[in-house]
Amino acid sequence: MIEVKNVCKSFDGVEVLKNVSALFHAGKTNLIIGQSGSGKTVLMKSIIGIHHVTSGQILYNNRDFTAMSGDEVRALRQEVGMLFQGSALFDSMTVEENVRFPLEMFSNLPKEAWDDRVNFCLNRVNLHNANKLFPSEISGGMQKRVAIARAIVLQPTYLFCDEPNSGLDPKTAIVIDQLIQEITYEYNITTIINTHDMNSVMEIGDHVLFINKGEKSWEGNKDSIFESDNEYLNDLVFASDLFKKIKKNNLLNKRT
Amino acid sequence: MNLITHVGRYSQLMTGVFKKPDKWNITLRQIVKEINKLGVDSLGITIIISVFIGSVITLQTVLNTANPLLPTYVTGLVTRDTLLLEFSSTILCLILAGKVGSNIASEIGTMRITEQIDALKIMGVNAPNYLIFPKIIAFCLIVPVLVIFSMFTGIVGGYIITYTGVISPNDYILGIQYAFIPYYIVYSIIKSVIFAFIITSVSAYYGYFSYGGALDVGKSSTNAVVNSSIIILLFNVLLTDLFLM
Ligand SMILES: Nc1ncnc2c1ncn2[C@@H]1O[C@H](COP(=O)(O)OP(=O)(O)O)[C@@H](O)[C@H]1O
Ligand SMILES: [Mg+2]
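So the sequence lines, in the order shown, correspond to chains A and B. According to our numbering, the stretch in the first sequence is residues -18 to 237, in order. According to our numbering, the stretch in the second sequence is residues 4 to 248, in order.
Any given hint could be a false lead.
What the hints assert, rightly or not - Once the Cα atoms are required to be at most 25 Å apart in a straight line, the calculated PhoX-like pairs of lysine-lysine come out as:
1) K113(A) <-> K36(B)
2) K23(B) <-> K113(A)
3) K(-1)(A) <-> K152(A)
4) K152(A) <-> K225(A)
5) K92(A) <-> K23(B)
6) K113(A) <-> K92(A)
7) K(-14)(A) <-> K124(B)
8) K197(A) <-> K228(A)
9) K92(A) <-> K124(B)
10) K26(B) <-> K113(A)
11) K40(B) <-> K22(B)
12) K23(B) <-> K40(B)
13) K26(B) <-> K92(A)
14) K92(A) <-> K222(B)
Think of the hints as simulated: they come from the structure by calculation, not from any bench.
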């Protein structure tokens, strides 16, 4: 469980996050949604400490992250996995070297067990026969899988995904979303996902936080989103004709 | 951004670089890899340039010292000392700043904008140490080898050109042995190690603080080469003053 309390963040005097508070639950896919530029990435990077918050508190299972020493932060990092928007695979390393890297750096497992763990994770994300390829030689969807495998190789308690399906076709996007959700349930991970993809919201929105211009503007889940009368949220979620129709049908069904 | 901010951020980065590595065996593996990439791969260009410059210095000296009053060994002596004192350290390092500096800045800059550096950070890896430390160590270790190669092949280049008949090869051989001061070689190597540190650390700095897209990586790379060259020239004056005056 991660708790964010009154977090503010500004860059050179420009306020990007304004007093955001939220609770992200273990064993659930927690979504942060909002328009491009609304501050999703900054919020996520503040939670993991790539950005230092200007004020506010971040609690990892009641441990105050903002008050931790450098060593404590580094220890905590080993409980954290992250999936970056552009996958961020190390392009000088092969697929299996990428997944093995966190093990080499931090694992207490004996060296002989590394390969097993690497192969287990690559199998878990359904990636076969790609071990020796370089990131530039595989498709975007496969890169995402490798990145997921790398993020879970040290069995994280917390998993962060920044726009996990940006740049993927709709079908692959859903597969990646479902994979993240399965892994979250399987290992009871506290997963936080940034997205502006409404398919993802409908698919895996266990808990949804809506950020508008750096402020928390709505909180709920994929079902309660239909009943929301938040103007900005409806603007974003039901922007397309398809989703407008879905919303209408959903409300009609409820009434009858 | 002003000079003081640059110096501050550079020093901060270097404090991170010179922390104890998380895993020595990984660092050693990286150092070997970098020696290959930065050092061994620069051997070809070092030799080519040195041979040509060595022969051209010989030709120029012959042309410009055509005076019966001067002893015949002058050409060899001038070629040798030019190579030993300045060319094989300073000029070579300026050339390598172009090759190695842009390579380092663009590699690290690309890692920055594609969030690979953030990925390292999230894992709890000390990214400056993991990425930059092996490059600095590797290049400082290999640069004396490049310098020695450059001195040797430069002198050979001068020797080869004597066979075109400009001066007698024997006079040249006499010249390169005449009044030889071994300390010049030591001096050159010390200088080159300092230049190697400047090239790698300054280029890594510009790469590490890239922000934006591919275009910005290009800019970082240019900044890396231009600024490390200027700093090398500045230090060259200081070091010459310190070691030879
Ligand atoms: N490192 C930074 N320095 C200055 N401004 C930044 C930085 N990172 C993000 N911003 C600004 O913060 C705002 C929110 O960005 P971001 O969180 O990336 O949006 P998104 O919701 O699309 O992920 C944007 O206006 C962006 O320009
Ligand atoms: Mg973003």
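How the hints compare with the structure:
{"no.": "1", "hint": "K113(A) <-> K36(B)", "result": "19 Å, holds"}
{"no.": "2", "hint": "K23(B) <-> K113(A)", "result": "31 Å, violated"}
{"no.": "3", "hint": "K(-1)(A) <-> K152(A)", "result": "35 Å, violated"}
{"no.": "4", "hint": "K152(A) <-> K225(A)", "result": "21 Å, holds"}
{"no.": "5", "hint": "K92(A) <-> K23(B)", "result": "22 Å, holds"}
{"no.": "6", "hint": "K113(A) <-> K92(A)", "result": "19 Å, holds"}
{"no.": "7", "hint": "K(-14)(A) <-> K124(B)", "result": "24 Å, holds"}
{"no.": "8", "hint": "K197(A) <-> K228(A)", "result": "23 Å, holds"}
{"no.": "9", "hint": "K92(A) <-> K124(B)", "result": "23 Å, holds"}
{"no.": "10", "hint": "K26(B) <-> K113(A)", "result": "24 Å, holds"}
{"no.": "11", "hint": "K40(B) <-> K22(B)", "result": "23 Å, holds"}
{"no.": "12", "hint": "K23(B) <-> K40(B)", "result": "23 Å, holds"}
{"no.": "13", "hint": "K26(B) <-> K92(A)", "result": "14 Å, holds"}
{"no.": "14", "hint": "K92(A) <-> K222(B)", "result": "42 Å, violated"}
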